[in-house]
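What follows is each chain in one-letter form.
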Amino acid sequence: MAVNRQAPPADRAVFWYGCNMLRHGEVIRASARLLDAVGVETAPAGGPSHCCGSPQEANARIAEGMARRTVEAFNATGREQVITWCPSCHMNMQDLMAPVTPVRFDTAHITEVLHARRDRLRRLLTHRVPARVLLHRHLGFQPRVPVNDLVADLLRLIPGLTLVEHPLAVPGHMCSALAGVPGALAAAQRATLDAMAQAGADTLATIFHSCHREAVILERGRSLRVANWVHLLAEAAGWPCEDGYKALRNAGNPRAVAGEAGLTAAGEAAFERLIEPELRKPPPA
Amino acid sequence: MSLATRIDEEGERLAAACTACGACVRACPMTPLAPGVEAADAGAVAAGMRALLRGEEAAPEAIAWIGACTRSGQCTPACPERLDVALMMRFVSMRARGALGEAPRVAAKADSGWSARVKAFARLTLTEEEQARWL
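For the record, the sequence lines run as chains A and B. Residues in the first sequence are numbered consecutively from 1, following this note's numbering. Residues in the second sequence are numbered consecutively from 1, following this note's numbering.
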């Protein structure tokens with residue numbers, strides 16, 4: 001179903017990609033390029049120095065300090081809009097950050113911005129992406145931003161791509177929330193695989209980064225593809241956008257995939273202590 | 001206004017307007033994964049949530065429900081009082097984890113390596129120029 005929303009006005013914006021998106025550098029890069037291509041000149045900003053405070057939600061004083069630093073940094077840019085990626089960041093900005101620290105910008109989600117300018121986006125998407133795609137939908141962010149409908153509309157712009165119909169929308173606002181409740185993520189993934197089989201889908205399109213990071217392992221031993229919606233748009237635009245995290249996560253030996261250059265860049269000790277345990281984490285049970 | 005004040009004052013306003021009818025609990029897709037909640041009276045679970053929002057004690061089923069909240073947002077449209085129940089749940093989730101300095105009733109999702117981990121991924125996935133401009 002097509003969604004009609006007003007075009008967000010800003011042509012210069014901060015692209016606030018969040019913290020955990022740093023696992024997916026190619027998605028940050030492609031997202032900024034997509035925004036630029038539809039006429040929004042962005043300044044990407046993220047990482048712990050631009051945190052919404054949610055990692056410290058058990059301490060309001062610390063969370064507030066982190067959030068205030070971020071709001072003040074965005075205010076200082078003079079840009080009138082902050083374009084979000086992460087649903088946690090987006091909701092925290094509206095619910096916890098802006099009511100506490102005055103903001104000099106409005107907030108829009110990247111899907112709203114691209115959707116509002118989809119006529120320009122359509123012209124970029126000239127490469128066929130033959131795939132039968134199930135969109136990985138969550139219930140939680142949809143009432144705030146109808147992201148399930150917006151991303152569906154964006155994927156329908158891709159030549160050769162068929163978006164299959166299925167009513168499944170799993171609980172939570174993204175998969176990282178489900179991961180914190182025993183059994184919830186595994187149940188959502190089983191339901192997703194069942195939905196793909198029922199709908200005859202060969203590709204699962206994730207919307208959010210944490211969902212993508214949890215879903216890429218579904219490719220193991222199965223004849224299906226997991227791609228983020230930005231990967232699919234980039235592919236249709238003919239842009240390089242290799243899924244680096246998936247390659248690492250599904251490799252028998254992630255160190256080999258990272259290579260000498262990757263290990264040096266991340267830091268040998270940091271890779272071993274911080275990155276490798278996540279990449280070798282077993283599937284949810 | 002501080003964040004703690006917002007949680008406390010806006011939480012109290014929402015708690016005062018809540019009738020604990022239980023519609024939010026019945027609409028929640030996570031109740032099957034929250035121990036004891038499906039078997040409990042939905043109104044009692046909602047009353048417990050309201051109590052926790054005020055920093056008061058609550059039954060284990062209410063604590064289990066708060067602990068299982070994944071921000072599905074189905075509670076808000078279910079509320080006959082048209083309260084922003086998802087925001088109530090956000091506030092109560094923080095408060096129950098000790099955000100206002102009270103004893104935690106729900107275990108906080110602690111990841112002491114979060115910041116170092118995302119920085120390590122940044123070094124792995126971004127160029128040095130991108131790190132300099134985007135972090």
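Hint data in this document are derived by calculation from the structure and do not stem from the laboratory. As the structure is a computational prediction, the values presented were derived from the model and not from experiment. Glycine residues also receive a C-beta, built at the ideal position from the N, C-alpha and C atoms. Please note that the accuracy of each hint is not assured.
Listed next, the stretches of chain B that the computed footprint assigns to chain A, with coverage defined by at least 3 CB atoms under 8 Å from CB atoms of chain A [unchecked claim]:
| hint | stretch |
| --- | --- |
| 1 | 14-27 |
| 2 | 52-64 |
| 3 | 107-118 |
| 4 | 123-129 |
Short, incomplete list of chain A residues facing chain B, as computed with Cβ under 7 Å [as the list claims (entries may be wrong)]:
| hint | residue |
| --- | --- |
| 5 | Arg23 |
| 6 | Gly25 |
| 7 | Leu139 |
| 8 | Asn148 |
| 9 | Val181 |
| 10 | Trp239 |
| 11 | Asp243 |
| 12 | Ala265 |
| 13 | Ala270 |
| 14 | Leu274 |
| 15 | Pro277 |
Quick list of in silico lysine to aspartate or glutamate cross-link-like pairs, DMTMM-like style, CA-CA up to 25 Å [said to hold, decoys possible]:
| hint | chain 1 | residue 1 | chain 2 | residue 2 |
| --- | --- | --- | --- | --- |
| 16 | A | Lys281 | B | Asp111 |
| 17 | B | Lys109 | A | Glu272 |
| 18 | A | Lys281 | A | Glu260 |
| 19 | B | Lys109 | A | Glu260 |
Results of checking the hints against the structure:
1. 14-27: n = 0 at 8 Å, threshold three: violated.
2. 52-64: violated (count 0)
3. 107-118: Holds: 10 residues of the stretch 107-118 of chain B have a Cβ under 8 Å from chain A.
4. 123-129: holds (count 4)
5. Arg23: Since the shortest Cβ distance to chain B is 5 Å, the answer is holds.
6. Gly25: Hint on Gly25/A: holds, closest Cβ of chain B at ~3 Å, below 7 Å.
7. Leu139: Since chain B brings a Cβ to about 4 Å from Leu139/A, closer than 7 Å, the hint holds.
8. Asn148: violated (12 Å)
9. Val181: Hint holds; Val181/A Cβ to chain B Cβ min 5 Å, cut 7 Å.
10. Trp239: violated (16 Å)
11. Asp243: violated (11 Å)
12. Ala265: This hint holds: Ala265/A lies near chain B, its Cβ roughly 5 Å from the closest one there, short of 7 Å.
13. Ala270: This interface hint holds because 4 Å falls under the 7 Å limit.
14. Leu274: holds (4 Å)
15. Pro277: violated (9 Å)
16. Lys281/A to Asp111/B: holds (15 Å)
17. Lys109/B to Glu272/A: holds (23 Å)
18. Lys281/A to Glu260/A: holds (22 Å)
19. Lys109/B to Glu260/A: Cα-Cα ~33 Å, so violated.
Hints 1, 2, 8, 10, 11, 15, 19 from the list above are not met by this structure, while the remaining hints are.
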